[in-house]
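What follows is the residue order along each chain.
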Amino acid sequence: MVENDSVTEKKPRIRPIVRLGFFLISHSNYVSLLCFLSGIVALLLLPILANNTYISENALMPGSANSMLSTQHVSHANKFINDLTHSDIESHKTVAQYMSALDAEVTYHKFYPQLNQFHPLHFFTSSDSGIISKNISCSSLGINVAGIIRAPRGDGKEAIVLVTPYNPKKVGPGEALSLGIAYSVFSLLSRVTWLAKDVIWLVADSQYGEYSAVSAWLREYQAPVFHEAEIVNSETCNDSIAISELGQNPYSDRNSYGGFRRAGTMAAALVIKVDEQGNHHEDSLNIYPEASNGQMPNLDLINIVNYLGVHKTGFRIKVKKMFSLLGSRWLNTLGGIFESLGQIARSLNPQWKFGISATEYVEGAATLASSMYSQGLGVPTGSHGAFRDYQVDAITLKISPKDSPTKMIRRNDFILRGGRLIEGVIRSINNLLEKFHQSFFLYLLSSSSKYVSVGVYMIPFALLVAPLPIVAASLHADASKSTLQSTYSSEVEVSHKSWKWLNSARKVLVIHLWGAVVSLLPYFLYQIPNSTPTTNFTVWGILSAFSLIILYFILGSPIFEAAPSQPEKGEWASLKSVTISTAFIGLSLMSVINFATAEIGALLIVPICLMARPLKLDAQARSWRALLRATCNLALGFIAFPPVAYFLVKGAFEDFNGTNVGDYWNWVESLWTWNSATYLYVESVELT
Amino acid sequence: MSTKTETPVKKKNQKKIQCFWSWVIGSVILRLIIIYFPKNLNLSSRPEVSTPLTSIRRLAEGYWLKQSSMSPYAGSMYHGSPLLLTLLGPLTVKRIEGQPDHLLCSLVFVIADVVTAMLICAAGKKLQAAYSSSLQSIGLHHLSEDSDILPSGDFAALLYLWNPFTIVACVGLSTSAIENLMVVVTLYGACARLAPLAAFGWVMATHLSLYPAILIIPVILLFGYGPDAPPRKLFRQRTNLEVDDSASGDRSCLEDELVNEKRMLNVFSWRPVVLFLFWALLWSSYVLVLCGIYVQQHSGLQEMFKSTYGFILTIQDLSPNIGVFWYFFAEVFDFFRSFFLIVFHGNILLMILPLALRLNHRPCFLAFVYIVLSSMLKSYPSVGDSALYLGLLGLFAYELKDMQFSFFLFSGYVGVSLLSPVMHNLWIWRGTGNANFYFATAIGYACLQIILVVESVSAMLNHDRMITKLTTAKLQNVKS
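Residue numbers (this note's numbering), protein chains in the order written: chain A, 1 to 688; chain B, 1 to 480.
None of these hints come from the bench; they were simulated from the model. Ideal Cβ positions, reconstructed from N, Cα and C, are used throughout, including at glycine. One should not assume that every hint holds.
To be verified - Examples of chain B residues lying across from chain A (beta carbon under 8 Å, computed):
id : residue
1  : Val24
2  : Ile25
3  : Ile29
4  : Leu32
5  : Leu409
6  : Phe410
7  : Gly415
8  : Leu418
9  : His424
10 : Trp427
11 : Arg430
12 : Gly431
13 : Thr432
Construct the complete structure from the given sequences, taking the supplied hints into account.
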């Protein structure tokens, strides 16, 4: 047409940025390959780019005061441990007795262990989940004991929480030791004058899992739910009568209160655990920071623990590593290469200091991989995860003694060191004037004293994802061009050339809708009583297939019937461009929510998206190159599928077994679905 | 087009109309399903859906205040119209046992949505008929047949009904559904040349949300010149030619067409415009009297103006929304505040005149552009506003077929509307983000709207240019 030509000819002068865009789009293949490879290289460079941590908040002043914990407190703690392990009366009574002897306000918190529920819409519906537990037998009642020391200098508006999970049915030596450490600190804190924040010591009943106990207590603390039904229910139980008697017990005395007591907003929480096994080279301290959905506590909290552990108490601070990576040969060679590169760089200019030794690199990479894995999985690594849901920074400190806790000769020394560390951390947090806000929330740990901040780790991700919009744009341009040429004669077709993508967008929408339906299904399946994981899983599979068929009949049929009439190649290109752009949107969205998941997802999805091509076209081409590409596609599809399937199976099983709770399911599950939706979609593209 | 192809087209149209009704019913059912979700998925408390002006919770509060014989505007909670209080207020209190709260209110909004869609559909049909006849009168018969193929009215109505933004605003109990209804009533009344209806719509829309006041220009143009048509000079050229032709040749066969064109050419008919203005005056005095009676006991109309229009213009509520004003006015120093208020509101007024001059032959499209601009630059925007202009966009499907970046805009809207709740969650609930995160999505959204306006206007102007070129080519052919 004359008009169209004249319109295009009217723009001879193009601005440089537009020209750059055109250049990128026209060379999309090379650009995307380059971006992808450089993204992977940048990802591997992350351990080198890690910075040393530093304490960002000035008010913390860790280690500025001498420790006040003395051997006297430790001997009290020893007595407490002995009483706990050897006495006949129920252990929570012992704990409460000791607490109230320290002038702390003691309360019992009864809770029903939360059955694991899957809430797909939790993220959007509300933050306070009014979850009502029904039909739970009285025998499964857990009892948390919480002691509160009121700060002599505070106004009761802020608090620090110490958590020690233990199993009241069978108190293990490690648990007893952790209770002892907490007790020694608690007995000190009840006498000190400098305390400005209340201290809560929560002895969590971990017989139904640590996480559910702590989260039940937190739910009661932060968002109490008042229903008549539950109270009536608990009153009818024989157990609960026994518990209510506890308060009136003659010798558990003046400081025991009936109701639930609170102590202001929580500044931070520490979960203290002691490893059951000994046999380590030295006393070490493992830090577990990851909460649900890859959320991390403020880096300053880890910094304090690290600083005090290294400089004051001489613990060896560790962060979880992926041990399988430590021995891997390719990582070692890579570390060697980077080391030599660093040396060369230093010989060129001594001020470039990015070289690190090969062993350091491997250690950093292993830690980083484990940090990324546990963030990406979205499962909290301990009961501290429950705190993060209420915006409280919390970490788990797992202390591993040199010898086994049962036959420990230097138990007093161990309690003293552990207690001093906890005391120092609490004293530091006590100095805080505001909430933790100075340091990072978004980071990956590459060792206990090194971190990769968000500004650095976003670079490899951006490079990985960058090919998607470029390829989508180039495909879109191709598609509209080809339809323009092929249907030049008929004006009706030309008239819709700009809106050509609508059809393919509809197809993608249908597939994604199906993905959403499939991801919502477990929620409804969960309502079915008395079902085993396997039956649930098969039902789920059948239902999802069924829903696909229904969707195909309702929405799909007009779409699929319209498809063959259009020129196949252009149709395919626009379809692919729509998918790739949705993948891009999804990945960027996920990177904001949970970076690690997005990074892992990008590694899987980006190559699939870029390589996908319809098999039919390849078969028609019949050149060896096309065949190679086709086999590549099939192989990639095959490789990508098993992890997805594995994740799906695992996810379904974990869900129905009830091991994990909360809205992390939403995300992990949605990612899986999303994965599978994209995969299915790519499959459909390949087979058209 | 030959007669062979005409029958399938007709059949297709019939089939489409059947589909149309089933799609309408489907959208209503979808709304009802979402309403029956527990707590409406908390949509009514999302900042994207309910602004201080449109939130149903504030309305219920205002109604409660009124019931306890206080001024509904006491305590700076309610900022809407008193008429909405009388209409929706009783419905917020009524609960039906076993049914979700606010069920009656939601039903009102669903009905409002459906009526809006029907009016858009009717207006679209009127516009389309007028447009194809005007195309025929300048001799572009094949274009007019083309434009008939896509039933843009149905298309726009379905676009409005199935737009996720509309659904979310409706289920989130935002009163913007009623504001949108009033705007569409204005446009429909003007297209159908019903002066009382158009005046009612305009007065009510202005009363409810102030910004539709600028729609008076497109409405006057609509009454003066008639609905959207190609540039007027084309008709003039054409008539000149016809007059030349008819002077030499036969007169009788062209007489009908000439009369028709006279109407088109009739430069500006003042009578309907004056009628419209008269009705507008009547309706506005009526509305004012009603409001006056309602707020009589509590310091009268002055307080009402202060806490509705004054609240809109001075931007007192800085709680986050999808607009760009809250962030800016949270940062700005107090002594610059009034200056920036003038600058920001001046932005809308600044663009009114040039656009009116350039697009005066397409008043409906002009109204669309004004609506986009005002929903971008208004002080408390919500997704309900974008729902309206995205629906109206469908009316110009034929003219905007060559719009560039349509796919980019689509992905942008999808991305921003997904990213915005996530950023809000990061900021408010997780505490790992901050206000800048959320504001970034607001800026992205504003940019998308700017691109939409620029691209749609340029596509429309290109369309005009194409028509001009075709007619001049034709005229030259005839002459030579």
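Minimum Cβ distance from Arg430/B to chain A below 8 Å? holds, 6 Å
With chain A as the partner, please determine if Leu409/B meets the hint condition of a C-beta pair closer than 8 Å. violated, 11 Å
Minimum Cβ distance from Thr432/B to chain A below 8 Å? holds, 4 Å
Return the status of the interface hint for Gly431/B: holds when the least beta-carbon distance to chain A is below 8 Å, violated otherwise. holds, 4 Å
Let's test the interface hint: is any C-beta of chain A closer than 8 Å to that of Phe410/B? It holds, given that the least Cβ distance between Phe410/B and chain A is near 7 Å, below 8 Å.
Status of the hint placing Leu32/B at chain A (closest C-beta pair under 8 Å): This hint is violated: Leu32/B lies away from chain A, its Cβ roughly 18 Å from the closest one there, beyond 8 Å.
Min Cβ distance, His424/B to chain A: is it shorter than 8 Å? Hint on His424/B: violated, closest Cβ of chain A at ~10 Å, above 8 Å.
For the hint on Ile25/B, does the least C-beta distance to chain A fall short of 8 Å? violated, 14 Å
Minimum Cβ distance from Ile29/B to chain A below 8 Å? violated, 13 Å
Measuring from the C-beta of Val24/B to each C-beta in chain A, is the shortest one below 8 Å? violated, 16 Å
Under the criterion of a CB-CB separation shorter than 8 Å, is Leu418/B in contact with chain A as hinted? holds, 6 Å
Hinted contact Gly415/B with chain A - closest CB pair below 8 Å: holds, 5 Å
Checked against the numbered hints above, the structure violates hints 1, 2, 3, 4, 5, 9, 10; every other hint is satisfied.
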